[in-house]
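Given the coordinates of chain S, work out where chain L should sit on it, guided by the hints.
Chains as they are written, first to last, in our numbering: chain S, 1 to 318; chain L, 1 to 318.
Since the hints were derived computationally from the structure, they do not count as laboratory data.
As the structure is a prediction and not an experimental result, all values here were calculated from the model.
There may be inaccurate statements among the hints.
What the hints assert, rightly or not - List time: in silico SDA-like cross-link candidates among lysine to any residue, alpha-carbon distance up to 25 Å:
id	chain 1	residue 1	chain 2	residue 2
1	S	155	L	292
2	L	233	L	178
3	L	155	S	105
4	L	155	S	108
5	L	155	L	241
6	L	155	S	155
7	S	155	L	116
8	L	155	S	107
9	S	155	L	120
To be verified - Some chain L residues flagged as far from chain S (calculated, every beta-carbon gap over 12 Å):
id	residue
10	41
11	243
12	285
13	293
Where a beta carbon is used, it is the ideal one built from N, C-alpha and C, also for glycine.
Number of protein chains: 2
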Amino acid sequence: MIAVLCGGVGAARFLSGLLSVVAANDVTAVVNTGDDTELHGLSISPDLDTITYTLSGRVNPSTGWGVAGDTFTAMSALEGLGGESWFRLGDLDLGTHLYRTGRLRDGASLSTVTAEVAASVGIGLRLLPMSDDPVRTRLHLERGDEVGFQEYFVKLRHDVPVSAVSYAGAAVARPAPGVLESLTGAELVVIAPSNPVLSIDPILSVPGIGQVLRERRETVVAVSPIVAGAALKGPADRLLSELGGTASAAGVAHWLRGSCGTLVIDVADAASAGEIEAAGVRCVVAETVMSSPAVAAGLARSVLQAGGAGDGTRSRNR
Amino acid sequence: MIAVLCGGVGAARFLSGLLSVVAANDVTAVVNTGDDTELHGLSISPDLDTITYTLSGRVNPSTGWGVAGDTFTAMSALEGLGGESWFRLGDLDLGTHLYRTGRLRDGASLSTVTAEVAASVGIGLRLLPMSDDPVRTRLHLERGDEVGFQEYFVKLRHDVPVSAVSYAGAAVARPAPGVLESLTGAELVVIAPSNPVLSIDPILSVPGIGQVLRERRETVVAVSPIVAGAALKGPADRLLSELGGTASAAGVAHWLRGSCGTLVIDVADAASAGEIEAAGVRCVVAETVMSSPAVAAGLARSVLQAGGAGDGTRSRNR
Chain S
1 MIAVLCGGVG
11 AARFLSGLLS
21 VVAANDVTAV
31 VNTGDDTELH
41 GLSISPDLDT
51 ITYTLSGRVN
61 PSTGWGVAGD
71 TFTAMSALEG
81 LGGESWFRLG
91 DLDLGTHLYR
101 TGRLRDGASL
111 STVTAEVAAS
121 VGIGLRLLPM
131 SDDPVRTRLH
141 LERGDEVGFQ
151 EYFVKLRHDV
161 PVSAVSYAGA
171 AVARPAPGVL
181 ESLTGAELVV
191 IAPSNPVLSI
201 DPILSVPGIG
211 QVLRERRETV
221 VAVSPIVAGA
231 ALKGPADRLL
241 SELGGTASAA
251 GVAHWLRGSC
261 GTLVIDVADA
271 ASAGEIEAAG
281 VRCVVAETVM
291 SSPAVAAGLA
301 RSVLQAGGAG
311 DGTRSRNR
Chain L
1 MIAVLCGGVG
11 AARFLSGLLS
21 VVAANDVTAV
31 VNTGDDTELH
41 GLSISPDLDT
51 ITYTLSGRVN
61 PSTGWGVAGD
71 TFTAMSALEG
81 LGGESWFRLG
91 DLDLGTHLYR
101 TGRLRDGASL
111 STVTAEVAAS
121 VGIGLRLLPM
131 SDDPVRTRLH
141 LERGDEVGFQ
151 EYFVKLRHDV
161 PVSAVSYAGA
171 AVARPAPGVL
181 ESLTGAELVV
191 IAPSNPVLSI
201 DPILSVPGIG
211 QVLRERRETV
221 VAVSPIVAGA
231 ALKGPADRLL
241 SELGGTASAA
251 GVAHWLRGSC
261 GTLVIDVADA
271 ASAGEIEAAG
281 VRCVVAETVM
291 SSPAVAAGLA
301 RSVLQAGGAG
311 DGTRSRNR
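Isolated chain S (complex conformation):
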């Protein structure tokens, strides 16, 4: 069994690679919900949906999120009425949000709804939100105010300096059913190449989850989302700098070293291996820029080997 802590696009691509070398039944994804939001009365879970769309082969390949070929008819009508439309919800995508919102209103938990959606679209792995309780990532901006994740990420295009990040609700959130058991029982825990501040830390902030990882850090392998000093996508680089870390593979090692014993870094950062090992984190060099399914599969094999979880072919299922 392998458990993966996941954010959005990078994690989705990593999972896609992992499922090409490991049976889906053997994988549990524990997904960040700190980005979740409510818009126009609808409950939106961006990271869960990105993973669902990616693993079901329906993701928009040019963005890495949303549904391929989606239309924006409802958005255009909303815009015509003067409604807020900076968060673009495609019509097909809306179907997911309508389903989720309706079920949540019926009293179903987010983890139940997530399992239903995963089953409907035929995703074999176990997909768990980190918590059924609301945790909301809040960005405290240098200019003085505080905004929610989506306002920072989408509306402000993460182009504003951040002075602090908090995870509202985390202190009283409980891990979703199955999360702690999966993380405790897994042969290997992987921290996917996701933003450490915005995708991984919210998961670790849920009481119990961070502790499990700290206790088993020797069998936790993280993949650096920073390559050659830059984030492949999003603001991980500038956030690490703004919050007192370093925008580099070594900076990721320092940021996550309490929770992982091994960090997989890109070949472009091979020279940082020494610094990372010196920080007490084993370092594995691999090709991490998942520009093709083959690279993603290769990265998954490297992670499995780094974690001692087989040679990447033992449980190959296709």
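Same frame as chain S, but now just chain L:
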């Protein structure tokens, strides 16, 4: 000033005719919200939307509700996930529901949102929900259970016997701002050709509204939605029968006689005029089946004349 008590499709067509012979500024529509519902977390106000779509020329002409040329992409995705899709929400239509729901969640009242939507699409008349408080029409079925309006109307296709109807929340609902003033101050109040049980009675059930109409019934003109013993649309005929009334123009006169002094009936029912007058309701015979804009305009003129509110050309605005 003319105030019109309105339900859905019939009322929308009547208003359309009225606005061709009276300046829109002189008209206030007080609209039934007993059909309102919440689906997938979205706040749906079918009668308000039917009127908005009709008066802005965007209504689906074949159904009388929904937006012409709408697509159902979100619905198809929802269906794919196993979601409830018996209430068909088109993509353009969804834009309206997203806007309304978002604004209501922001704390705006339904009457504020309704005015915003009317202004956006350029409807000149004053469009008021009967109340900003929730009133929900409930159908008590002969088979023993109780269902909401949309489940009765759409899901069960109003094809089940009803033993009673109630308006949940009506006892504590307040008329929306402007409703009582409009009804009190209007030269003429019109009860549009809408279902007496499902569209008009919910409005009359809001404390204060029924009383105003009873007090000024001599200057209230209703239009019968029953022609030759049958409803032009929907279950008005069978409901009148099931609830102890009669499915006829005379039956409408009996049902509404406390609230209107005059009833406009169709030429097909001219023979009922005596029975209606005997029930204490003045009777006017006109062409009421609004098969074209010209007929709708003619009906509006007949109603104005019946109410003594001018000859129907005095305040003609186009």
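Numbered hints the structure breaks, given as an ascending list: 1, 2, 6, 10
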